[in-house]
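There are 2 protein chains.
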Amino acid sequence: MNAEIIAVGTELLLGDILNTNAQFLSRELSGLGIDVYYQQVVGDNPARMKQVIGEAISRSDLVILSGGLGPTDDDLTKETVTDYFGLPLYFDESVMEEMTAYLKGRKLSVSNRKQAYIPEGAIVIHNNYGTAPGIIIEKDEKIVVMLPGPPRELEPLFCEQVRPYLRAKSDFVMKSKVLRLFGIGESTLGEEVRDLMESANPTLAPYAKDNEVTLRITAKAESEEEADHLICDMKEKVTARVGAHIYGEDEEELYAVVCRMLKERGMTIAAAESCTAGLFSATIANWPGASEILHEGVVTYANRAKEKYLGVSSQTLQSVGAVSPETAQEMAEGIRKASGADIGVGITGIAGPGGGTPEKPVGLVYIGVAHEGRTEVLERNLHGTRKKVREASVMNALFAVRKILEKRS
Amino acid sequence: MNAEIIAVGTELLLGDILNTNAQFLSRELSGLGIDVYYQQVVGDNPARMKQVIGEAISRSDLVILSGGLGPTDDDLTKETVTDYFGLPLYFDESVMEEMTAYLKGRKLSVSNRKQAYIPEGAIVIHNNYGTAPGIIIEKDEKIVVMLPGPPRELEPLFCEQVRPYLRAKSDFVMKSKVLRLFGIGESTLGEEVRDLMESANPTLAPYAKDNEVTLRITAKAESEEEADHLICDMKEKVTARVGAHIYGEDEEELYAVVCRMLKERGMTIAAAESCTAGLFSATIANWPGASEILHEGVVTYANRAKEKYLGVSSQTLQSVGAVSPETAQEMAEGIRKASGADIGVGITGIAGPGGGTPEKPVGLVYIGVAHEGRTEVLERNLHGTRKKVREASVMNALFAVRKILEKRS
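From first to last, the protein sequence lines stand for chains L and X. For the first sequence, position 142 matches number 186 in the numbering used here, and the numbering has no gaps at all. For the second sequence, position 334 matches number 378 in the numbering used here, and the numbering has no gaps at all.
If we strip away everything but chain L, and leave its shape as in the complex, we get:
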């Protein structure tokens, strides 16, 4: 089956919003084994919509449209598709009732009634996230799926109703698992697993994100069990080669892995931050329930603050400077002592764009991690903007903490 995605909305053509729906739908369809050949964006203009939608239906088996299902006269997606197939519309009382229920006493405007008209023979995608129902039309061996434009409606409606619908159309099962890696570049990773990437089933695809790389394993099989087996096999092969870099799977980000591991071990963490200036603690606090693992932390941007809060010795600061392994170590040990946390983290570096020297260039960062009488210190030479260097510093610190926690399982 080949597919085409059409986003409707003048705001996309003005560049006011990013077309995240196209990426979401493409990724989902790809995961279902459906090839996307085209993505299009068209404004709320009747003639151009008619032309684009007609062309898409004629050349693609499956057309997914987002947007243009709202209550105003500008919203023409349903009308255009219905016209194309020559289908009559009927007023659907149950949809009207759902909209009324969704609005919980807020008044339905007269124009909301427009949204309750459904093409005859269509499947209604009931919407608990907004007023506009989605619609699926099957006709002339074509499938047209219409979804509301806001991602907070489109994404759950796709996952809950459209994905199972499309999956049922298929005579095979597609499953995938994402391995998350840190501390290895995309090209090095590619070299390590090049031969595995040539596998046709399951496939193995690397993808570089900010500060990490993921590997997606996708299997096509006749049953869930068979797909799971294929994935498990491939995962073992990948792990044998680059297992030291794999920190997690699927949606769980590095900070969440670290927080979960801390909680499982009943441990606490505290950070003393110079160049990251609070970003490490703030990242830990992103985790719901952070209060069990994080009690305090300090931002010690100035040298005086490093002495005051952490007891970093002025001799260290004078002899080797604030950006040094010695200072990172004293910061990590200082915050561990001051806070009483099980793990103390110290981060000091040159985030740039100014402040670099030939000996200590922009991007040089030292990370200390103090735990039970031992302190490890890493040196990193990070690249990119000030923001990137600071974010990468946090990621490196998290990965170092994860390594220590792993040994204490």
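Mixed in with the good hints there might be a few duds.
Said to hold, decoys possible - Which chain L residues face chain X? A few, computed with CB under 7 Å, are given here:
hint, residue
1, Leu58
2, Gly130
3, Leu131
4, Leu133
5, Pro195
6, Glu340
7, Ala346
8, Thr401
Hints are computed from structural coordinates only; laboratory data are not their basis. Ideal placement from N, C-alpha and C gives every residue a C-beta, glycine not left out.
Position chain X relative to chain L; hints supplied.
Below, chain X alone, put in the same frame as chain L:
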């Protein structure tokens, strides 16, 4: 002039990357007064590329293509467009020299030579950001612009070479200014300036972003001066109505405005953070040169830390709780005293998703700002996820600091 944007690349159809080029180009063209009617994405497939490119050139005055200019056999954009117009390609020695210079001793592969072939009569967009040159073809009253796909190449090449080229084609000047507002919702703002939004020239368009709203004023005129005058006039009208919410213009974000104002006044700031847990300090430190205005800060997630670092009284914590105006005030005053900074900020709240009660629901945040013997305390009821509540807390604190600084100009 009407335009169409085509992104070429199978990675877009797989959903591996977001099509940020489409948004960037749409916004830029809109700023030049050029209407974008269509955006398309097509994979590296010769037949489909030929069809999509042919259709685009036949229906649009200007077609901008991104991607598919690389050295491999998959890269077919230039070849497809050249075929369409029936133009011969010649080997351009100067382009070859530029590529060699860009690669600085790294070896040119044989396939890089492919990138030095240029259609006859075309304008070369010289690329200092990568190897693939961009190309402009003018033929049969059509303009086709081809740009490399990576945004770090496409964006500067567009701004430096394509924008001036397109501007010269136009017999009028388009200019715009963005006003940045905080503390007012898009719908309330819309009501305040509804009549101004009906103006045809200059136009006034609101746009809601995370935690802020912007108003873009766009003027079309025969000269720069006339455009500036139109913009200035509209800005005055808007300021008369919602001036209290305007914190800045164009690209300068709220944190940068606050940092600049602190530096201009020779002042320092320090924060004591509970629910935001370092995010306020980390945001300040995003500013290059932050060391002049930020020396230290504390993360006081636990009550004990609030007592230890800030001297918040245990009586306050017991009687009114950690999330209270009293605690926010004591935190702000405590960090101001401990750090010696001119301004002390205290943030305490319930970020969720757990921890809310009927009296103190998720999203309730208190922000204290202590300065020269006075402390102001704000109460906010913020909405959304844990991340949103924490980010909005930082924005509210920044806006409060800005107000205080404004009075000390």
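To see whether the hints hold, each was checked on the structure:
The criterion of a C-beta within 7 Å of any C-beta in chain X is met by Leu58 (chain L), whose closest approach is roughly 5 Å, and the hint holds. For the restraint placing Gly130 (chain L) at the interface with chain X, the shortest Cβ-Cβ distance is roughly 25 Å, beyond the 7 Å limit, so the hint is violated. A distance limit of 7 Å between C-beta atoms decides the matter here; for Leu131 (chain L) the minimum to chain X is near 26 Å, and the interface restraint is violated. At about 27 Å, the closest approach between the beta carbon of Leu133 (chain L) and any beta carbon in chain X exceeds 7 Å, and the interface hint on this residue is violated.
A cut of 7 Å between beta carbons decides the hint on Pro195 (chain L): the least distance to chain X is about 12 Å, and the hint is violated. For Glu340 (chain L), the interface hint holds, the least distance from its beta-carbon to any beta-carbon of chain X being 4 Å, beneath 7 Å. Checking Ala346 (chain L) against chain X by beta carbon gives a least distance of about 4 Å; that is within 7 Å, so the hint holds. At its closest, the beta carbon of Thr401 (chain L) sits 15 Å from a beta carbon of chain X; the interface hint therefore is violated under the 7 Å criterion.
Of the hints listed earlier, those the structure fails to meet are numbers 2, 3, 4, 5 and 8, in rising order.
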